[in-house]
Amino acid sequence: MEAVAVAAGGAGLTKWQAAALSAVAGWVWAASFFDLTRRSRALVQPWVTRRVLAETPSIVRFQKVHHKLLDNFFSVLSCVVSVPFYTGFLPLLFWSGHSKLARQMTLLMAFCDYLGNSVKDAVSAPRPSSPPVRRVTATEDEKENAMEYGLPSSHALNTVCLMGYLLHYVLTYGPHDNVMVATGLSIAFLLVMSVGVGRIYLGMHSLIDVIAGICFGVIILEFWLAVHNHVDAFVVSGQNVTTFWASLSLLLCFAYPKPEFPTPSFEYHTAFNGVAFGIVYGIQQTYFHFHNPDVPLIFSPQLPLIAFVGRVLIGIPTILVVKFCSKALSKWLLPVMCNTLGIPIVSTCYVPALKASEKSKDKSDAKQGGYLQKVFSLFPQKAYDVDTGIRQRPPRTLKLHCKEMPFLFLHCIDAGSLYPFHFHAHVIICQTKSLRSTPYEETD
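With the UniProt record's numbering applied, the sequence shown corresponds to residues 1 to 444, in that order.
Certain hints may be false.
Here are the computed distance ranges between Cβ atoms for each label pair [as the list claims (entries may be wrong)]: (1) Phe324 with Pro57: 41 to 51 Å; (2) Ser237 with Pro132: 48 to 58 Å; (3) Ser129 with Leu320: 35 to 45 Å; (4) Ala19 with Val44: 28 to 38 Å; (5) Phe261 with Pro175: 24 to 34 Å; (6) Leu333 with Lys143: 24 to 34 Å; (7) Phe324 with Arg50: 40 to 50 Å; (8) Leu297 with Leu333: 36 to 46 Å.
Computed list of lysine-lysine pairs in BS3-like fashion (alpha-carbon distance at most 25 Å, straight line) [to be verified]: (9) Lys68 with Lys15; (10) Lys258 with Lys143; (11) Lys143 with Lys327; (12) Lys143 with Lys64; (13) Lys143 with Lys15.
Honestly, the hints are just simulated from the structure, not real lab data.
Please read all numbers here as calculations on a predicted model, not as lab measurements.
Just so it is clear, CB atoms sit at the ideal spot from N, CA and C, and this is done for glycine as well.
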């Protein structure tokens, strides 16, 4: 089968790809049939909850040593692994010529985000109660983070993987000595510990959450260091990469565990899932032109600092423009498409034109007919809320993010200045946030 797939020019999946997708699909079926999420939650959640409650008095005592400067310091430090940080940091890696580091960092962070948030929602363990704990949420991102479950700490997990892989890359591809190794390890250790202490100081996590995040981070980092070269070789020169990754992205949405109560965690996974697909598709299309090992690095004669600054000055505003325009476009286009095709979809808050009312429901019922309506009549007759429920149907917005949007933005820019991925990634992020396609509630 593999030889046939190769001979067909990537027309079909290879044996290992089919086996991998079948394994994920089998896990989805088994988890649903045996109710594995609730069973595992019943075993783990009570113990974690008791630990969080037992640690609450210690957190309150620890927070007595507080100061405005410490509030600001730890709040800024928390941004190291936040969405705004990735928005600026990952494009800089591409524009500086470090394409391998950039794509590996993005895929690793997507992997961390998925596994960390899956554990969060599977366990559904609470954060320290506020009050009595003083919770500091200086940014909108922190306020959204506070709506998630506690264990493990995503900030601790992501910081371990981010600093660990950066250190590995520098020591592997650059000159180093014992002093440099010791300095790098010290900086990484200090940053991880500072982020962990900061999460407790800000009232966002208990000690058990931070320890779990660090442990998960070390395990994921060790695994990634063992497979990252194979992953990179597959992304750069593998067979059926786009087809396989699109299928995997879709299956991972269904494999995500349903939380006990609604949280934004699935939204973050969906965004990074789309970002990872944008990376893979963009690299596949432009590797030999802009992402191969011969691409000039920053500070080289071919890429002086002034050229890099020019890329940043052009790239960041372009990313922001595309982000806001695509958000407005998606909010306008989705109601038009749904109303035109007669698809029973509503939005409770993020897409005002899709808000349901009694009159609109009556009109919608009166307009029954047509092929699509007959198709949808096979399913329960209710309007599906794009803000809450996609677990029972393939996520249409994810399909838009993963397939149509890369084609739309692939040739929109001069690749000598900007790389196509950055548009894929940020369009995906902003559209996902605007539509809030989260699995909080399952449809009947």
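Hints versus structure:
1. At about 45 Å, the beta-carbon gap between Phe324 and Pro57 stays in the expected band of 41 to 51 Å.
2. Separation of Ser237 from Pro132 is about 56 Å and conforms to the stated range, judged on CB atoms against 48 to 58 Å.
3. At about 38 Å, the beta-carbon gap between Ser129 and Leu320 stays in the expected band of 35 to 45 Å.
4. Remark: the range hint 28 to 38 Å for Ala19 to Val44 is upheld by a beta-carbon distance near 30 Å.
5. Hint check: Phe261 to Pro175, Cβ distance near 51 Å, so the stated range 24 to 34 Å is violated.
6. Separated by about 29 Å at the C-beta atoms, Leu333 and Lys143 satisfy the suggested range of 24 to 34 Å.
7. Checked against the hint of 40 to 50 Å, the C-beta distance between Phe324 and Arg50 comes to roughly 45 Å, which is consistent with it.
8. Between Leu297 and Leu333, the C-beta spacing of about 40 Å keeps the proposed range 36 to 46 Å intact.
9. This hinted pair does not check out: Lys68 and Lys15 have alpha carbons roughly 58 Å apart, beyond 25 Å.
10. A distance of roughly 21 Å separates the Cα atoms of Lys258 and Lys143; the hinted pair therefore holds under the 25 Å criterion.
11. A distance of roughly 21 Å separates the Cα atoms of Lys143 and Lys327; the hinted pair therefore holds under the 25 Å criterion.
12. At most 25 Å may separate the alpha-carbon atoms for a hinted pair to count; Lys143 and Lys64 meet this at roughly 22 Å.
13. With a C-alpha separation of about 45 Å, the suggested pairing of Lys143 with Lys15 is violated against the 25 Å cut-off.
The structure shown violates the earlier hints numbered 5, 9, 13.
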